[in-house]
Amino acid sequence: MYSFEYHRPNDLAAARLLYAEAEDPMYLSGGMTLIPSMKQRLAAPSDLIDLSGLQELQGIKDLDDQDGVGIRVGALARHNDVAANALVLNHLPVLAQVVSSIGDNQVRNRGTMGGSIANSDPAADLPAALLGLQAVINTQDRQIPADDFFHDLFETELAADDILVSVDFAVPRRATYQKFRNPASGYAVVGVLVAEYATGFRVGVTGAGPCAFRARALEDALNQSFSPDALSDVDVPDAGFNSDLHASAEYRAHLVKVLAKRAVSELTQQS
Amino acid sequence: MNVSFCVNGESHELDVAPNTLLVSVLREHLGLTGTHVGCDTSQCGACTIHLNGRAVKSCAMLAVQAQDAEVVTIEGLGSVDDLHPMQQAFRDCHGLQCGFCTPGMIMQAVDLATQVETLDADAIRQGMEGNLCRCTGYQNIVAAVAKGAVALKAQSGEV
Chain W
0 MYSFEYHRPN DLAAARLLYA EAEDPMYLSG GMTLIPSMKQ RLAAPSDLID LSGLQELQGI
60 KDLDDQDGVG IRVGALARHN DVAANALVLN HLPVLAQVVS SIGDNQVRNR GTMGGSIANS
120 DPAADLPAAL LGLQAVINTQ DRQIPADDFF HDLFETELAA DDILVSVDFA VPRRATYQKF
180 RNPASGYAVV GVLVAEYATG FRVGVTGAGP CAFRARALED ALNQSFSPDA LSDVDVPDAG
240 FNSDLHASAE YRAHLVKVLA KRAVSELTQQ S
Chain B
0 MNVSFCVNGE SHELDVAPNT LLVSVLREHL GLTGTHVGCD TSQCGACTIH LNGRAVKSCA
60 MLAVQAQDAE VVTIEGLGSV DDLHPMQQAF RDCHGLQCGF CTPGMIMQAV DLATQVETLD
120 ADAIRQGMEG NLCRCTGYQN IVAAVAKGAV ALKAQSGEV
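Sequences listed follow chains W and B, in order.
Counting along the first sequence from 1, when you hit position 197 you're at 196 in numbering that gives the first Met the number 0, and nothing is skipped either side.
Counting along the second sequence from 1, when you hit position 96 you're at 95 in numbering that gives the first Met the number 0, and nothing is skipped either side.
Note that these hints are calculated values from the structure, not bench results.
Since the model is a prediction, treat every value here as computed from it, not as a measurement.
Don't take every hint at face value.
Interface residues of chain B toward chain W, partial, derived using beta-carbon atoms under 10 Å [stated by the list, open to error]:
#	residue
1	Gly44
2	Thr47
3	Val55
We put the CB at the ideal spot given by N, CA and C, even for glycine.
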C-alpha cells in the first residue's frame with residue numbers, strides 16, 4: 000500500500016472541507032473494498048478521510064416517525080447491525096435478508112450500507128435492494144431516487160466529493176431477494192429482488208449488467224399477472240450484460256428470469 | 000501518527016504510519032504472532048481478531064481505524080494451561096491439521112457461537128465461510144465449533 004495522510008473528522012462539514020483541501024482524497028467507510036484495493040495498489044489516494052466519526056451518518060430509524068411506512072438507514076450502519084435491527088426485522092425483513100447474504104461474517108461486521116452503495120460494485124447485493132425497495136439516497140445536500148442513482152460500472156450519481164448520509168427505504172407489502180451466489184467471493188453472479196407496492200411490482204437486478212437496474216419488462220408482466228408463469232414468455236436480452244469466467248452474458252440473462260421466478264414463487268407461497 | 004487501543008486487556012499507545020495494517024501492528028509491534036497472515040487479500044480469515052467483541056479481518060483494516068477499540072487476539076482468549084472452551088473443543092475434535100488457519104477459525108467460531116442461538120452443521124458451515132483451511136480439515140472443524148459452542152453456552156450458564 001502506498002502512503003497517504005489519514006483524517007478522522009467529527010462532522011460532515013469538516014469532512015467536506017478536508018476533501019476540498021486535499022490533493023487526491025478518498026472517503027473511507029468500512030473499508031472492506033477500499034483497503035484491499037489500496038493493498039493491491041488499485042487505489043492510491045493522497046488522503047483518506049475516515050467517515051466513521053460522523054454522527055450524521057449513524058442510526059436506523061422510522062422515517063417521518065410514521066411506524067412502518069419508511070425506514071432510514073444511516074450510511075455507517077454495518078451490515079450485521081442492519082440484519083439484527085428490530086425495526087428492519089419487523090418492517091423490512093427483506094433488507095435483513097439482503098445484507099445477510101453479503102460476503103462473510105467478518106466482512107458484514109465491518110462493511111457499511113453507505114460504502115457498499117457508493118462503491119456500486121456490479122455484483123454487490125444492496126443496489127438491487129435500493130432499486131427494488133424504491134429507495135432514496137440522501138447526501139449532504141441532495142435526495143437522489145435509486146432509479147437515477149446507478150449509472151455504469153462503479154459509476155453513480157454521486158460526485159467525487161459527495162458524502163452519502165443515509166438511505167430511505169419504502170416498506171413494501173411483501174418482498175424477497177433471490178441470489179445466485181459465487182461460492183468463492185460471496186458476490187452475486189446475479190441477484191433479483193422482487194417487491195410489491197400499492198403502485199405495482201418492482202424488480203431490482205444486480206450482477207447481470209455493469210450496474211444494477213430495474214427489469215421493467217418483468218415488472219410489467221407481474222403487474223398483468225402475479226405468477227411465476229407470467230414471466231416465462233418475457234424476453235430478457237443479454238445485450239451489454241457482464242461476461243466473465245463465472246458466467247456468460249447469456250447465462251446471466253437466463254439467471255435473471257430464473258431468480259425472478261423463484262422470488263415470485265416464494266412470495267406466492269408466503270401470502 | 001498516534002493510535003491508542005486496548006489489546007487483550009492492556010492499553011497501548013503507538014506511533015504508526017497511516018498505511019500500517021492492524022495485523023502488522025499486532026504481529027510486528029506487539030509481538031502477538033498468533034494472528035496469522037494467510038492470503039493477505041481478506042479471503043482466508045487467518046487474521047481474524049475481535050474488534051469491540053466482533054470478528055473482523057485484521058489484514059483488511061488500518062491500525063489507525065482501531066483508535067479507542069478493544070481488540071482481542073487468540074493470545075487473549077485462553078492460555079496453554081487454561082484453554083478457552085472453543086480452543087479446547089478444537090483440540091478435542093482434532094479440528095486442525097497444520098494449525099495455520101486455527102487462530103482465525105477459533106476467533107470467528109467464538110463470534111458465531113455468541114451470535115447464533117442453535118448451531119447445526121449447516122449453520123456452522125455458512126457461518127465459517129470467511130475462513131479457509133487448506134488442509135481441508137473442515138469435517139473436524141465443524142465438529143469442533145459445534146462442541147465449543149455448547150461448552151461456551153454451558154460456561155455462561157445458559158444451559
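- Hint check against the structure, violated hint numbers in rising order: As far as the earlier hints go, not one is violated by this structure.
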